[in-house]
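Peer 1: Given chain W, put chains D and A in place with the hints provided.
Below are the chains, spelled out letter by letter.
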Amino acid sequence: MGALFSFYNAYDQLLLFVAINALLALSIYATLSAGMLSLANGAFMGIGAYTSALLTLRQHWPFPASLLAGCLVAGAIGFLLGLPVLRLRGVFLAIATLGFGEVMRIAALNWDVTGGPLGLPAIPAYTQLWEVVLALAALSYYFVRLRHSRAGHALLAIREDESAARTMGINTFYYKNFAFVAGALIAGLAGGFSAHQTHSIEPANFTFSLAVTILIYAIVGGTGAFWGPMLGSTLLTVLPETLRFLKDYRGVFDGLVLLAIILFLPNGLMSLFQWRPGRAAGKVRSAAPSLDAVEA
Amino acid sequence: MRFSRFLAPLTTLAVLGLAACGGGAAPASSAPASPTAASPAAAASKPAAAASASAKPAASGAASAKPAASGAAGAKTANIGAAFSLTGPGSPYGPVQKNAVLLAQDDLNKAGGVTLNIDVQDDASAKEQGINVFQSFIKGNDVAIMGPTLSGLALATDPLAQDAKTPVLGVSNTAGGITTIGDYIFRDSLAEEQVVPAMVKAVVDKYNPKKVAIMYANDQPFAKSGADAVKKEMDDRKIQVTDTETFASNDKDFSAQLTKIKGTNPDAIFISALADAGANIVAQARKLGIPDSVHIIGGNGMNSPQIAKIAGPAAEGIIVGAAWIDSSPNPQSQAFVKAYKAKYNLDPDQFAAQAYAGVQILSDALKRANLSGDTAKDRTALRDALAQTKNVDTVLGKFSFTSGRDADHPPVVQVIKDGKFVLFS
Amino acid sequence: MSIFLQQVVNTLFQGSIYALFALGYTLVFGVLDILNLAHSAVFMWGAFMALLLVTKLGLNIVLAFVLAMIGSGLLGILLDRVAFAPLRKRGASNLAPLISSIAMAIIFQSAALGLFGGLVYRFPPGTAPSADIGAGGVHVDVLQVIIFAVAVVLMVALQLLLQRTRLGKSIRAVAENQKAARLLGIHVERVIAITFCISSALGGAAGVLVGLSLNAIAPDMGQAIELKGLAVIIIGGMGSIPGAVIAGFLLAATEVFTISFISSTVRDAIAFGLLFLVLLIWPSGILGRRALREA
Chain W
1 MGALFSFYNA
11 YDQLLLFVAI
21 NALLALSIYA
31 TLSAGMLSLA
41 NGAFMGIGAY
51 TSALLTLRQH
61 WPFPASLLAG
71 CLVAGAIGFL
81 LGLPVLRLRG
91 VFLAIATLGF
101 GEVMRIAALN
111 WDVTGGPLGL
121 PAIPAYTQLW
131 EVVLALAALS
141 YYFVRLRHSR
151 AGHALLAIRE
161 DESAARTMGI
171 NTFYYKNFAF
181 VAGALIAGLA
191 GGFSAHQTHS
201 IEPANFTFSL
211 AVTILIYAIV
221 GGTGAFWGPM
231 LGSTLLTVLP
241 ETLRFLKDYR
251 GVFDGLVLLA
261 IILFLPNGLM
271 SLFQWRPGRA
281 AGKVRSAAPS
291 LDAVEA
Chain D
1 MRFSRFLAPL
11 TTLAVLGLAA
21 CGGGAAPASS
31 APASPTAASP
41 AAAASKPAAA
51 ASASAKPAAS
61 GAASAKPAAS
71 GAAGAKTANI
81 GAAFSLTGPG
91 SPYGPVQKNA
101 VLLAQDDLNK
111 AGGVTLNIDV
121 QDDASAKEQG
131 INVFQSFIKG
141 NDVAIMGPTL
151 SGLALATDPL
161 AQDAKTPVLG
171 VSNTAGGITT
181 IGDYIFRDSL
191 AEEQVVPAMV
201 KAVVDKYNPK
211 KVAIMYANDQ
221 PFAKSGADAV
231 KKEMDDRKIQ
241 VTDTETFASN
251 DKDFSAQLTK
261 IKGTNPDAIF
271 ISALADAGAN
281 IVAQARKLGI
291 PDSVHIIGGN
301 GMNSPQIAKI
311 AGPAAEGIIV
321 GAAWIDSSPN
331 PQSQAFVKAY
341 KAKYNLDPDQ
351 FAAQAYAGVQ
361 ILSDALKRAN
371 LSGDTAKDRT
381 ALRDALAQTK
391 NVDTVLGKFS
401 FTSGRDADHP
411 PVVQVIKDGK
421 FVLFS
Chain A
1 MSIFLQQVVN
11 TLFQGSIYAL
21 FALGYTLVFG
31 VLDILNLAHS
41 AVFMWGAFMA
51 LLLVTKLGLN
61 IVLAFVLAMI
71 GSGLLGILLD
81 RVAFAPLRKR
91 GASNLAPLIS
101 SIAMAIIFQS
111 AALGLFGGLV
121 YRFPPGTAPS
131 ADIGAGGVHV
141 DVLQVIIFAV
151 AVVLMVALQL
161 LLQRTRLGKS
171 IRAVAENQKA
181 ARLLGIHVER
191 VIAITFCISS
201 ALGGAAGVLV
211 GLSLNAIAPD
221 MGQAIELKGL
231 AVIIIGGMGS
241 IPGAVIAGFL
251 LAATEVFTIS
261 FISSTVRDAI
271 AFGLLFLVLL
281 IWPSGILGRR
291 ALREA
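Those sequence lines, one after another, are chains W, D and A.
Numbering-wise, the first sequence is residues 1 to 296 according to our numbering.
Numbering-wise, the second sequence is residues 1 to 425 according to our numbering.
Numbering-wise, the third sequence is residues 1 to 295 according to our numbering.
In short, the hints are calculated from the structure, not lab data.
These numbers were taken from a predicted model, which means no experiment stands behind them.
Ideal Cβ placement from N, Cα and C applies to all residues, glycine included.
Keep in mind that a hint or two might mislead.
Only pairs whose alpha carbons sit at most 27 Å apart, straight line, appear in this in silico DSSO-like list of lysine-lysine [unchecked claim]:
hint: 1; chain 1: A; residue 1: 56; chain 2: D; residue 2: 343
hint: 2; chain 1: D; residue 1: 341; chain 2: A; residue 2: 56
hint: 3; chain 1: D; residue 1: 398; chain 2: D; residue 2: 338
hint: 4; chain 1: D; residue 1: 210; chain 2: D; residue 2: 165
hint: 5; chain 1: A; residue 1: 169; chain 2: A; residue 2: 179
hint: 6; chain 1: A; residue 1: 169; chain 2: D; residue 2: 309
hint: 7; chain 1: D; residue 1: 76; chain 2: D; residue 2: 110
hint: 8; chain 1: D; residue 1: 211; chain 2: D; residue 2: 287
hint: 9; chain 1: D; residue 1: 420; chain 2: D; residue 2: 287
Stretch by stretch, here's where chain D covers chain A in the computed footprint (C-beta under 8 Å, at least three residues) [claimed, not checked]:
hint: 10; segment: 18–29
hint: 11; segment: 45–55
hint: 12; segment: 70–78
hint: 13; segment: 122–132
hint: 14; segment: 220–230
Chain W on its own, in the form it takes in the complex (with noise of 0.2 Å):
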């Protein structure tokens, strides 16, 4: 027990930031599971994340509360961004969400109340690993519900091909509108932690490359399940001390390793564990939903 608890002392940080990025990989689940490439993950953890800052900040409010606006605020952006948005197909949805993560950023950058590219430093650091712990247990259980509901049937069939889904009378613009939401507020949820664990935020914080980083967490993980991107955030935060002696190279690794899984494992890691004996190698067949599917 005391081993555990040095344990936890030594690595505070390092699992706060297992956690939040787990949070982070749950955001774009709920997006993918729609089949929706969103690359506004990032900026949505920046709104969340600017919005609890300067409440705690500015307004003196308390932690639950201000994390609580953040998130809400990032899903209202959100919903607002979806209704435009979600009509295009594939990789202009991409390109959008990623224009709209830029058009934020620089936002960020050049007005006074977000600091400008100071950002908002002296945050108080309230975020306790209970807390990320207790919202991503809360978030799984939901996913899981999600799965064999309505919904995530709706949701599913989207994925799979999305005409299809309508003519059987799927409410998909109802149905992509929810999940891009649902992806909004967790990762707004996950800025306001972040941000509360860091002391400090900055627009330099949430580019479009964080968006991409989420991404990759999800392919790498598997996107068949909830926590496949989980499983893909929390081998990519951990993993990189190992490779340090590649230093500059290390980037060539990283690199490799996603090739390696979209030519060879394109459901992820976690279709490692869905091997079921008597099947072809490497074709799995199961109920879980393929990344080829994915439009882009």
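Peer 2: Just chains D and A now, with coordinates in the frame of chain W:
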């Protein structure tokens, strides 16, 4: 199928366990550096930059790699952690600082006194990794931390050290709001607000400009601080600012902004940026026909021998306000320049000088601090000794801290003549 | 007036760079319906290839330029073989090649970082001609004119290739319908490889020109232009060569005049705002033909 549901949490725990046994505080850098980062990729904009952080065994029972500051009779050893940006956007500066710090360690250990054991780790210019590196230093038995390279990162990492009552000495942080984090945070790098007034005074005294234009990198905190400081000086002196233009750190083409500035006919242009951008701006400005009579003035960031190399003849006449000049007559500085060049075959710049001085300052404070071997006590003792630093001989000249723990030494104003920096007069 | 003219010069120059870079993107998208995010890495490597040829082998810049284009083209073929062809065989959706291209971009860029470090490199002085040939208060460097001319020549050459040659016809056929093209006897895999080759050669060419004109070559030089390139192809219409050209100049004009008349702080926001607007209101872009909404 149901079983697979438990695999995720199990795997997560297993991976965490492996990480712990694998040794030491890990950088939490998330996935591979995405090459598709946003265009104005400011400092720390690649949160997932290549990680090569500390693999020091942390306090999880694994054997400590470093001896605690021993109180044994005779040689005392102080463990110092240094977090520099060896990769990522800050990587032009981190390696230079690392070089300087290791050179200083050698020089000072030869000279006697408390033996320094400096452990340089990479913060990858990323918040996550920086925080993890700092935490590993704090949980280890480092009595002080140097760095991080970037001001933006410092705002995230220094509070951790403040909470843990571990002194931090920034050697390149020049933005505002850093030393105000708490009484354990110090810096030896002159802030832009400290350099700008002297620089402006020198220019105004000599050239008396009536109208000026300002250009700065709007995604760098220090650049904005610098531009704000210049603006304030202009307002105080009732000099008209004809135009203020911005650009992104990795922009390479400034013709549109410069053309607009040219149209407003300023007598001088103030630039707040790093050397690379500054040099390109100057070169393009001259190409666009902005005459030599329009003086170009830069702050801390432009204090680098690179400027003359990059801008060539266009660099003649650039005025730079900074903390250090490589031709400084200070004997320590001269020795440092020689030694650095001999060891690394490179000319040192201000980043190197301030890093070297940082080690000198720490060494001096350690002498006065009376180390006992108890890490927590030593950190506080060191902090108090640092606060009392007065007129220590360093490569920057005689150094003291202000009451706000900022650097207190006069800035230098220099100008480029024949491709080299000389004192401006 | 001379200030205005100067800004026009700036626009023409910047626009030609954007257009040239975007051509590679749009070509691949038009033919294969995938966004090749490794394009900016090839752009960067083209610049480094030319740099190495000039500094290590002492070649003159024209020869280095041509060789760098060829080298980039080869990189493009490599890209296709390693990252895209296997996915086509598998019948993967479009997300997979996108990710694959990201992976290759990471590899290319990290390799450059490892080999060259984070420093900025420059061509040795005198590599390219440099003289002010402007008049009347407007300053134009002869290098800018050369770059503009080269870019235009390449754009015209590409259009001619596509419209007037057999190869061009094959490429357009594959773009229209891969299955039908195969049935018509077109060697689809070879055509695709050639498309990547051309696209990357253009990207590399853009890299050399940018490296020359801005006197800066660094592993991250592709990032700034990449997002602009995306904006250009959206505005111009994905898959349309003339569209990319027009949009390239349009974007440059918007940026330059934003700086002149509004403020440089919002320059990038305007570019992306424009992108956004185009996507929402006029999704096929200026000259695009692709279906952008779900069928």
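Peer 1: Are the hints correct? Go through all of them and say.
Peer 2: Status of each hint after checking the structure:
Taken as a hint, the residue 56/A and residue 343/D pair is honoured in the structure, with Cα atoms around 26 Å apart against an allowance of 27 Å. For the given pair, residue 341/D sits about 25 Å from residue 56/A by alpha-carbon distance, which is consistent with the 27 Å threshold. For the hint pairing residue 398/D with residue 338/D, the CA-to-CA distance comes to about 20 Å; that is within 27 Å, so the pair holds. In summary, the hint linking residue 210/D to residue 165/D is not supported, as the alpha carbons are separated by about 49 Å, beyond the 27 Å threshold.
Restraint check: the Cα-Cα separation between residue 169/A and residue 179/A comes to about 15 Å, which is no more than 27 Å; the hinted pair holds. For the hint linking residue 169/A to residue 309/D, the alpha-carbon distance of about 49 Å lies beyond 27 Å, and the restraint is violated. With a CA separation close to 14 Å, the supplied pair residue 76/D and residue 110/D stays within the 27 Å bound. Between residue 211/D and residue 287/D, the direct Cα distance comes to roughly 21 Å. Compliance with the 27 Å bound is thereby established for this hinted pair.
With a C-alpha separation of about 21 Å, the suggested pairing of residue 420/D with residue 287/D holds against the 27 Å cut-off. Counting residues of the segment 18–29 of chain A whose CB falls under 8 Å from any CB of chain D gives 0; the rule of at least 3 is not met. Coverage of a stretch by a chain is defined here by at least three residues with a beta carbon nearer than 8 Å to that chain's beta carbons; for the segment 45–55 of chain A and chain D the count is 0, and the condition is violated. Given as covered by chain D, the segment 70–78 of chain A fails the check, having 0 residues with a CB less than 8 Å from a CB of that chain where 3 are the minimum.
With a threshold of 8 Å between beta carbons, the proposed coverage of the segment 122–132 of chain A by chain D holds, since 3 of its residues qualify and at least three are required. By the rule of at least three residues with a Cβ nearer than 8 Å to a Cβ of chain D, the coverage given for the segment 220–230 of chain A holds, with 9 such residues.
Of the hints listed earlier, those the structure fails to meet are numbers 4, 6, 10, 11, 12, in rising order.
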